[in-house]
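There are 2 protein chains.
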Amino acid sequence: MKTINIGLIGFGTVGSGLAEVLLSQKERLVQRSGLTLRLAKVADIMISELPPQFADTELTNDAKALINDPEIDIVVELIGGIEPAKTFVMDAIAAGKHVVTANKALLSQEGKEIFAAAAVQGVEVGFEASVGGGIPLIKSLKEGLVANRIQSIMGIMNGTANYILTRMTDEGVPFDEVLKDAQKLGFAEADPTYDVEGIDTAHKLAILMTIAYGMNITHNEIATEGITEVEPVDIEFAREFGCCIKLLAISRNHGDHVEARVHPTMVPHSHMLASISGAYNGIHFSGDMVGNVLLYGLGAGKLPTGSAVAADIMDIARNISSGSVGRVPSLSYLSEEIKEIGITPMEELSCPWYFRITARDEPGVLAAIAGILSKHKISIESVMQKGRQEGGPVSIVLTTHTAGESDIHAALGEINALDMVSAPTVKIRMLDEGDEADS
Amino acid sequence: MKTINIGLIGFGTVGSGLAEVLLSQKERLVQRSGLTLRLAKVADIMISELPPQFADTELTNDAKALINDPEIDIVVELIGGIEPAKTFVMDAIAAGKHVVTANKALLSQEGKEIFAAAAVQGVEVGFEASVGGGIPLIKSLKEGLVANRIQSIMGIMNGTANYILTRMTDEGVPFDEVLKDAQKLGFAEADPTYDVEGIDTAHKLAILMTIAYGMNITHNEIATEGITEVEPVDIEFAREFGCCIKLLAISRNHGDHVEARVHPTMVPHSHMLASISGAYNGIHFSGDMVGNVLLYGLGAGKLPTGSAVAADIMDIARNISSGSVGRVPSLSYLSEEIKEIGITPMEELSCPWYFRITARDEPGVLAAIAGILSKHKISIESVMQKGRQEGGPVSIVLTTHTAGESDIHAALGEINALDMVSAPTVKIRMLDEGDEADS
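One line per chain: the protein sequences are G and H, in this order.
Count the first sequence with our numbering and you get residues 1 to 439, in order.
Count the second sequence with our numbering and you get residues 1001 to 1439, in order.
Extracted from the complex, chain G is given alone in its bound form (with noise of 0.2 Å):
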């Protein structure tokens, strides 16, 4: 029986979890594929031994040894960040070996590089396990769904976000408060920076525009706004809407241009994206052949990172032993096809708008808030007073049908700058009637 070498640099979370996965499905996967994964090497300056159940894996705290040596088939990157991962990755590919990362930071930025390289050398890189945990998502993209022009992308890809959003909703308490249980429970890092501002997200968006599409994109040129500034009142006021607040990614595909933005946004409740709560995830594509289809299930997480790291490391091992490497194209497109195509300027975009605004109870204000998106040629579909009380200031709460970004800023700005105005208005993207028909 044929036996691929495996050497794993980082035994964090998921590299730990990993090697539990080879562990456990050892004779699983011998019975699915007549090959055995040997996970040879662990390459970790933070350890100082590897737990007792694998005595058979070498711990090194070098992992330029583990990269540069000959035994080694497939080298894992699971240490996270740009530096060193970015060395090891490219210094395993000049070395020959394939590579399998979950490392969606570095891909959506240094992806361009790091795929040239490997087109040159001839060798593979996987990244299921960068994008929605254990879900076969890169592969349904990139196999399933091949004779598909993907027209959408719509998702929730960040379970640490979707957890404090779910809790903010069924408890009613503030983003701050229940960020700070999160990080007690493990919901959340010690810097959620990532999560809790939408980069997390753009990182993974621009991972999954790049094989749908067959395009060079960074996330950097992804308009990212997170979850932050999102209030308890707001999701009250969208329950009233019949919708629930989430932090998307959204995508679309024009063929010449592609809109490419993460933000908090209003979801119908009737759509399959509010259904999804916790900790979990679910990316909705649409192809012009196969229609809506959605995949869900844990975002993150040792175990389930660790079974799409397994099931990438499979797939090069079936390869090797078939002499198919290269079989399917790492980017899903042939590397001379992948184009270069415009991202829609986020001020040419349109979507209906939920705003919140803080006026004084005075004659006139509603007046005054909708002859000026009137003159923005902004129509309203529905509007709320809330919270009259003798003197105080009153919530205007409504909703607009299809606008511009840019008609929507300069009218916002006329209505902050109204005396009677007495806060910043709060404004959320909603998901538009036909992102709803498509469900």
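Misleading hints may appear alongside valid ones.
Simulated pairs of lysine-lysine, DSS-like, Cα-Cα distance not exceeding 27 Å [as the list claims (entries may be wrong)]:
(1) H:Lys1026 - G:Lys142
(2) H:Lys1375 - H:Lys1086
(3) H:Lys1064 - H:Lys1086
(4) H:Lys1026 - H:Lys1002
(5) G:Lys2 - H:Lys1339
(6) H:Lys1002 - G:Lys339
(7) G:Lys377 - G:Lys427
(8) H:Lys1375 - H:Lys1427
(9) G:Lys339 - G:Lys427
(10) G:Lys339 - H:Lys1026
(11) H:Lys1339 - H:Lys1377
(12) H:Lys1064 - G:Lys26
(13) G:Lys375 - G:Lys386
(14) G:Lys142 - G:Lys302
(15) H:Lys1339 - H:Lys1086
(16) H:Lys1002 - G:Lys142
(17) G:Lys184 - G:Lys2
(18) G:Lys2 - G:Lys26
(19) H:Lys1339 - H:Lys1142
(20) G:Lys86 - G:Lys112
(21) H:Lys1180 - H:Lys1427
(22) H:Lys1142 - G:Lys26
(23) H:Lys1142 - G:Lys302
(24) H:Lys1180 - G:Lys142
(25) G:Lys427 - G:Lys375
(26) G:Lys142 - H:Lys1302
(27) G:Lys2 - H:Lys1086
In silico contact screen, one side only, chain H against chain G (beta carbon under 7 Å); selected entries [claimed, not checked]:
(28) Arg1239
(29) Met1289
(30) Ser1422
Simulated from the structure, these hints should not be mistaken for laboratory data.
Everything numeric in this text was worked out from a predicted model, so none of it was measured.
Using N, Cα and C, we set each Cβ at its ideal position, and we do this for glycine too.
Based on these hints, arrange chain H on the given structure of chain G.
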């Protein structure tokens, strides 16, 4: 550039859909593989010519000639049913051709013989389109979740039945009426037996169990109940319990035996499967490493199914081109690893239940019923009396905690024999709490 020649048997809905997919995605498929998938020949006895856009494809009424044409690399069987489909598939395999089929009836009944013949001939059999239409289910199970013991399969696998139940739920109209309308609208066939009696769902569950568990099973080993007896009043009461009624395929892997059943099921609104409406399918897997995964999309239709067939063709074409035929075992486990595993007898299963008992509104009726249930160790979770009116019958609607099938049957026999009970009791299984917590 390498060309793979395809021979298609059957130019009906799915066959013409595949032709359309291959034509419209031709350039994309080249960009993603460097391969040309050429629809060389179509065999169909019902048509005299192909639509003009397929001028480069030869039409024949002789499937055997197509199968034996040395130019053809892959034979696609899309006529459905057992014969002559089985003969065509077996002949194609004998002629050394790879086969792609969407024929769930054939595979769930004759799969063992077909896959054994393919193994002997060293050819591939692709069947992504046999379950869940365009959803990349089979590939996800075989490859994406390769490093998992699949612990359960649970899903909505028949779009017609789900469409009918969804309309009964939304509109409160009876089964017969919705069925007639669904037939008019093309959502149900003239003979809807397979769809509404759960047989089609059992076909699909058998296929999924085969590849998920690595076992032999035919659809007639699966206990199957359809939706023809579901009444609007039960849907209404289900809603009061926070549930909807879905036709589910349910299987659990107990290692030395496996559960397998298809029946109408009360699903809590909080469960992802409750959100799957209309003609959509949703299939939920639980894996020991990945946790819960759900895949959702259109389970039927010309282009979605064509998309799945095209993905199978591309998979085989890549293997032909890279010399890696047999790279992934057709049934996910190596043929020598496929086991005989017993099916749990239905009478050994247990779940919570819903009953609607029709009784005369007399003192003591509830006491009598409760006494019988208690005698059979069935614990009541909730009970409501509905529709009280002078002298008329009353509906006693109750739900139980988990109870065994044989206890339930014994108890219902006694309840139905009570003088006060004036119509056979309606019983519907409910998803148990474990299933609910899963999602």
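The hints, checked one at a time:
no. : hint                  : in the structure
1   : H:Lys1026 - G:Lys142  : 16 Å, holds
2   : H:Lys1375 - H:Lys1086 : 52 Å, violated
3   : H:Lys1064 - H:Lys1086 : 12 Å, holds
4   : H:Lys1026 - H:Lys1002 : 13 Å, holds
5   : G:Lys2 - H:Lys1339    : 23 Å, holds
6   : H:Lys1002 - G:Lys339  : 23 Å, holds
7   : G:Lys377 - G:Lys427   : 17 Å, holds
8   : H:Lys1375 - H:Lys1427 : 18 Å, holds
9   : G:Lys339 - G:Lys427   : 35 Å, violated
10  : G:Lys339 - H:Lys1026  : 18 Å, holds
11  : H:Lys1339 - H:Lys1377 : 36 Å, violated
12  : H:Lys1064 - G:Lys26   : 44 Å, violated
13  : G:Lys375 - G:Lys386   : 25 Å, holds
14  : G:Lys142 - G:Lys302   : 24 Å, holds
15  : H:Lys1339 - H:Lys1086 : 24 Å, holds
16  : H:Lys1002 - G:Lys142  : 20 Å, holds
17  : G:Lys184 - G:Lys2     : 45 Å, violated
18  : G:Lys2 - G:Lys26      : 13 Å, holds
19  : H:Lys1339 - H:Lys1142 : 16 Å, holds
20  : G:Lys86 - G:Lys112    : 12 Å, holds
21  : H:Lys1180 - H:Lys1427 : 25 Å, holds
22  : H:Lys1142 - G:Lys26   : 16 Å, holds
23  : H:Lys1142 - G:Lys302  : 21 Å, holds
24  : H:Lys1180 - G:Lys142  : 40 Å, violated
25  : G:Lys427 - G:Lys375   : 19 Å, holds
26  : G:Lys142 - H:Lys1302  : 21 Å, holds
27  : G:Lys2 - H:Lys1086    : 36 Å, violated
28  : Arg1239               : 15 Å, violated
29  : Met1289               : 4 Å, holds
30  : Ser1422               : 39 Å, violated
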